[in-house]
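Throw the hints in and build the complete structure from the sequences for me.
The residues making up each chain are set out below.
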Amino acid sequence: MTPAQDRWASFNLAIALFAIDPAPLGGIWLRARVGPVRDRIIQALNKALETDFFPRVHPNISDEALFGGLDLSATLATGRPIQTEGLLNKGGTVILTMAESAESALLARLAGALDAETGLSIIALDEAAEEGEGLGHSLSDRLALHLQLDAIPQSAAQEMEFDSTALAEARARFPHVQHAPDDYRDLCLVAEALGVTSLRAVQHALRLARHSAALMGSDQVEQADLQLAVELALAPRATQIPETAPPEQAPPPQPQEPEAQENPSDPEDPQKEGEDLPPFEALIEAAKAMLPPDLLARLAAQRAARQSKGSSGTGNRKKGNHRGRPVASRSGELGGGARIDLMATLRSAAPWQGLRAHTTAPKPRGLHIRKSDIRVKQFEQSSDRVIIFVVDASGSSAMSRMAEAKGAIELMLAEAYARRDHVALVAFRGAGADILLNPTRSLVQTKRRLQDLPGGGGTPLAAGLKSALDLAVLTSGKGMTPSIAVLTDGRANVSLDGSANRAQAGEDAQNMAKALRGRGVPAIVIDTGQRPTRGLDDLAKVMGAAYVPLPRADAKSLSAAVEAALPSA
Amino acid sequence: MSHAFPFSAIVGQDAMKQAMLLTAIDAGIGGVLVFGDRGTGKSTAVRGLAALLPPITAIKGCPVNSATEADIPDWANVANREVGEKPTPVVDLPLGATEDRVVGALDIEKALAKGEKAFEAGLLARANRGYLYIDEVNLLEDHLVDLLLDVAQSGENLVEREGLSIRHPARFVLVGSGNPEEGELRPQLLDRFGLSVEVKSPKDIDTRIEVIKRRDAFDQDRAKFVKSWAKSDETIRKSIIAARKRLSKIRTSDAILKDCAALCLELGSDGLRGELTLLRAARAQAAFEGSSEITRAHLRAVAPMALSHRLRRDPLDEAGSTTRVMRTVEAVLP
Numbered sequence: 001m002t003p004a005q006d007r008w009a010s011f012n013l014a015i016a017l018f019a020i021d022p023a024p025l026g027g028i029w030l031r032a033r034v035g036p037v038r039d040r041i042i043q044a045l046n047k048a049l050e051t052d053f054f055p056r057v058h059p060n061i062s063d064e065a066l067f068g069g070l071d072l073s074a075t076l077a078t079g080r081p082i083q084t085e086g087l088l089n090k091g092g093t094v095i096l097t098m099a100e101s102a103e104s105a106l107l108a109r110l111a112g113a114l115d116a117e118t119g120l121s122i123i124a125l126d127e128a129a130e131e132g133e134g135l136g137h138s139l140s141d142r143l144a145l146h147l148q149l150d151a152i153p154q155s156a157a158q159e160m161e162f163d164s165t166a167l168a169e170a171r172a173r174f175p176h177v178q179h180a181p182d183d184y185r186d187l188c189l190v191a192e193a194l195g196v197t198s199l200r201a202v203q204h205a206l207r208l209a210r211h212s213a214a215l216m217g218s219d220q221v222e223q224a225d226l227q228l229a230v231e232l233a234l235a236p237r238a239t240q241i242p243e244t245a246p247p248e249q250a251p252p253p254q255p256q257e258p259e260a261q262e263n264p265s266d267p268e269d270p271q272k273e274g275e276d277l278p279p280f281e282a283l284i285e286a287a288k289a290m291l292p293p294d295l296l297a298r299l300a301a302q303r304a305a306r307q308s309k310g311s312s313g314t315g316n317r318k319k320g321n322h323r324g325r326p327v328a329s330r331s332g333e334l335g336g337g338a339r340i341d342l343m344a345t346l347r348s349a350a351p352w353q354g355l356r357a358h359t360t361a362p363k364p365r366g367l368h369i370r371k372s373d374i375r376v377k378q379f380e381q382s383s384d385r386v387i388i389f390v391v392d393a394s395g396s397s398a399m400s401r402m403a404e405a406k407g408a409i410e411l412m413l414a415e416a417y418a419r420r421d422h423v424a425l426v427a428f429r430g431a432g433a434d435i436l437l438n439p440t441r442s443l444v445q446t447k448r449r450l451q452d453l454p455g456g457g458g459t460p461l462a463a464g465l466k467s468a469l470d471l472a473v474l475t476s477g478k479g480m481t482p483s484i485a486v487l488t489d490g491r492a493n494v495s496l497d498g499s500a501n502r503a504q505a506g507e508d509a510q511n512m513a514k515a516l517r518g519r520g521v522p523a524i525v526i527d528t529g530q531r532p533t534r535g536l537d538d539l540a541k542v543m544g545a546a547y548v549p550l551p552r553a554d555a556k557s558l559s560a561a562v563e564a565a566l567p568s569a
Numbered sequence: 001m002s003h004a005f006p007f008s009a010i011v012g013q014d015a016m017k018q019a020m021l022l023t024a025i026d027a028g029i030g031g032v033l034v035f036g037d038r039g040t041g042k043s044t045a046v047r048g049l050a051a052l053l054p055p056i057t058a059i060k061g062c063p064v065n066s067a068t069e070a071d072i073p074d075w076a077n078v079a080n081r082e083v084g085e086k087p088t089p090v091v092d093l094p095l096g097a098t099e100d101r102v103v104g105a106l107d108i109e110k111a112l113a114k115g116e117k118a119f120e121a122g123l124l125a126r127a128n129r130g131y132l133y134i135d136e137v138n139l140l141e142d143h144l145v146d147l148l149l150d151v152a153q154s155g156e157n158l159v160e161r162e163g164l165s166i167r168h169p170a171r172f173v174l175v176g177s178g179n180p181e182e183g184e185l186r187p188q189l190l191d192r193f194g195l196s197v198e199v200k201s202p203k204d205i206d207t208r209i210e211v212i213k214r215r216d217a218f219d220q221d222r223a224k225f226v227k228s229w230a231k232s233d234e235t236i237r238k239s240i241i242a243a244r245k246r247l248s249k250i251r252t253s254d255a256i257l258k259d260c261a262a263l264c265l266e267l268g269s270d271g272l273r274g275e276l277t278l279l280r281a282a283r284a285q286a287a288f289e290g291s292s293e294i295t296r297a298h299l300r301a302v303a304p305m306a307l308s309h310r311l312r313r314d315p316l317d318e319a320g321s322t323t324r325v326m327r328t329v330e331a332v333l334p
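Protein sequence lines, in the order shown, are assigned to chains A and B.
Counting in my numbering, the first sequence runs from 1 upward without gaps.
Counting in my numbering, the second sequence runs from 1 upward without gaps.
Hint data in this document are derived by calculation from the structure and do not stem from the laboratory.
There may be inaccurate statements among the hints.
What the hints assert, rightly or not - Anything over 12 angstroms on all C-beta distances counts as not near chain A; from chain B, calculated: (1) A105; (2) T252; (3) L272; (4) T328.
To be verified - With a straight-line cut-off of 16 angstroms between C-alpha atoms, the simulated EDC-like cross-links for lysine to aspartate or glutamate are: (5) B:K203 to A:E192; (6) B:K249 to B:E289; (7) B:K60 to B:E85; (8) A:K377 to B:E141; (9) A:K371 to B:D14; (10) B:K245 to B:E210; (11) A:K556 to A:E410; (12) B:K203 to B:D100; (13) B:K213 to A:E410; (14) B:K200 to B:D14; (15) B:K258 to B:E293; (16) A:K377 to B:D142; (17) A:K371 to B:D100.
Said to hold, decoys possible - Taking CB as the label site, the calculated pair distances span: (18) A:E103 to B:A262: 42 to 48 angstroms; (19) B:K114 to A:A116: 30 to 36 angstroms; (20) A:K371 to B:G84: 22 to 28 angstroms; (21) B:E109 to A:E64: 14 to 20 angstroms; (22) B:G155 to A:G477: 45 to 51 angstroms.
Glycine included, every Cβ here is placed at the ideal spot set by N, Cα and C.
Structure, rendered in structure tokens:
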């Protein structure tokens, strides 16, 4: 079997385990682009769970559809309130489509529904294309199975087979499955070695092991079950590569080595090589074999993405009643330019017409709309982005760098109107930093302000970063989303208090970089030196920023680099 | 209702448990905010607390849990006026809740069927004299947050609908939980919480194993697990009741008041709310420990949770506000 076929077989088994009892496992995080392979999995899920349809939740679903609400036509027809049943209250398995674009508010609702233990389970279809995109943690943490389909070619994706009698037997058996007391320790240690901090993951692994034992027809969790559970629940969550090497310095695990997937249709599986090792090492080996091949690259991307989303979180969007994407209308008052949502208003007024006709004297004609019925439209829009340029105006090449920065700023502003970008400029030189340009969208103002810029002197990098941070905090308080672009070719040699102390200056710069990272402000460090400047990439790392060496930076390449590295609003 | 995970069986997370117990002793402390990692037992603790709290004495049929017949709001049509014990209400406010459901609305059934105007009480009414729990409080819709702020401040819910003007008491302890990575909380709401605690996943392997072990035992046989912890829960319940009785008799010396003021001044916390909460929390702590007056040890025990969310942010100090409070406590209260 090829590695891809192996993986596919393990997915087959994973779906069988899921089908035994979906609810306690929470669900499946299915990462794949649309295609025949993903269709196969959905088909297999239908087959295993013996349904031909899963209700679908899409990212823009209304609360009414999720939790139920008043069914207006039925209510008016029958004269008593008829509630529609929300998708989440029914229990059963639902599909979350386009999971990568689900907002944290929806994820929190889904997570809450899972925690309520109503028998709900969720299959999240995640089509994330870019690194760092994808289903939010609050939900993915609650889903036991994480399946990544990208590496599976269509040829390996055979139709999956399920033995419905075996599943039924396993369903009856798994409540009685026992496991050894040591299993807790082993699973916790493996999770720790893989850098999995969530305790839910360990819990999921334990449940999967039990399901696996039940499917094998055993009342006792065996090493093989634990191994499978580690492969399915812990390995895909790994945030580090386990360091504990097996004693005899085994060769890097070949895919066929400890993997050895038991296929439910052929229970007599050959002995696994992993069983020669002590239990813990065998589990680690099993996990290693299932680690995603691009683990390290993915982790770095995730980390960057988390920072760029940062603490601003929900603050990045603001609601208003003028423009943007429409969201659910809410009760409110007319005036202040609010737009009435006529349909919603009529809906809310409808049930009360009978009552109002009785109680209002003298009897008016037509519809009775009261103030409390009024629903106003709400829109949501992304907030404006502010790019804060922090430019090194020290040393000899200051003039050219400043000129290019100026060019880049003007370029960005020229296009900014469409993209709602604001730009600010902080220059640092001599003993401190100055805000040369407060956040603005005005090209004219910028040109006037930036006409002659001073240059020369020491490199107070820390002071520059501090000004940028202050500005970032200030602008995010005004509802804008700041990001920072640092242009320099030098090492910090002036400390925060203005003294020329190289060691102290370096330390101050590091501290400010940490503070920036702490605020979750996305940043880029552009090295304009002829050759990469020592220590600058480290500083970028501390800042959680992208590091881009651009020796002969001109305005165009600068604005392109900034565009590429910083998240668009 | 299915069994809740017993409060006493929660491993570690002492600050969170302590904060919740303090509000159970003195509801006037004003709410707990629990911020931290996923899967650290935030919701579990709240549900466990609900099962543990001593019952309240209330009119059985009253929608706002009134203690005496005189307190029943006039709009409520209460059939069962018998006084009896009710479990302390712990009401969930789900993120998807509509405004109508939170504050209450006209009873649609009566309006349709009988053409009658009647008020149907909402979640705020049910939470009166108990707890209101909001998971993911930082993701709550802004208009609901505004509404809650108003009610939490005044202790009264006011509804104007269809010519009805309804008011009822809504005094509850607000418990919010959330994950700071998903978004920060507005400072106005932050300030409404008396205590705030940060929770983290346990790092120690033995603690982690114990967490998994207990959770697994609970999943296997809930009734049995709850029963095996019933005694420890009962002990906590008794100490809450004893502490409540002792609360009013606890002495506060001028020196302690001075300490409170010095601490808040040094930390630069905004307003006087910090001092008041610190004092109340320290008093509840003293009552819980069975002491007859507040000592510096009590102040030290509650200062981080009473003050850490009231500090101004300092971008250069990455130690975190809890550490900053502890450092200042050590400096000011030697």
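- request: Given the hint that K60 (chain B) pairs with E85 (chain B), test it: the Cα-Cα distance must not exceed 16 angstroms.
  value: Holds: K60 (chain B) and E85 (chain B) sit about 8 angstroms apart, inside 16 angstroms.
- prompt: Within 16 angstroms, alpha carbon to alpha carbon, are K556 (chain A) and E410 (chain A)?
  reply: holds, 10 angstroms
- prompt: Beyond 12 angstroms from chain A, beta-carbon-wise, is A105 (chain B)?
  reply: violated, 9 angstroms
task: Would you check the hint for K245 (chain B) and E210 (chain B), treating anything up to 16 angstroms between C-alpha atoms as holding?
output: Violated, at about 35 angstroms.
task: Compute the least Cβ-Cβ separation between L272 (chain B) and chain A, then decide whether it is above 12 angstroms.
output: holds, 25 angstroms
query: Are the Cα atoms of K258 (chain B) and E293 (chain B) separated by 16 angstroms or less?
result: holds, 15 angstroms
query: Lying within 42 to 48 angstroms: is that true of the beta-carbon distance E103 (chain A) to A262 (chain B)?
result: At roughly 45 angstroms between Cβ atoms, A262 (chain B) and E103 (chain A) fall inside 42 to 48 angstroms, so the hint holds.
task: Assess, step by step, whether the Cα of K203 (chain B) is no farther than 16 angstroms from the Cα of D100 (chain B), and give holds or violated.
output: Violated, at roughly 43 angstroms.
query: Given the proposed pairing of K377 (chain A) with E141 (chain B), does the C-alpha separation stay at or below 16 angstroms?
result: holds, 15 angstroms
- prompt: Quick one, are K249 (chain B) and E289 (chain B) close enough, alpha carbons at most 16 angstroms?
  reply: Answer holds: K249 (chain B) to E289 (chain B) is near 14 angstroms, not above 16 angstroms.
- prompt: Holds or violated: 14 to 20 angstroms for the Cβ distance of E109 (chain B) and E64 (chain A)?
  reply: holds, 18 angstroms
16 angstroms Cα cutoff - pair K200 (chain B), D14 (chain B): Status holds; Cα separation ~11 angstroms.
This entry does not satisfy hints 1, 9, 10, 12, 13, 20, 22, going by the numbered hints stated previously.
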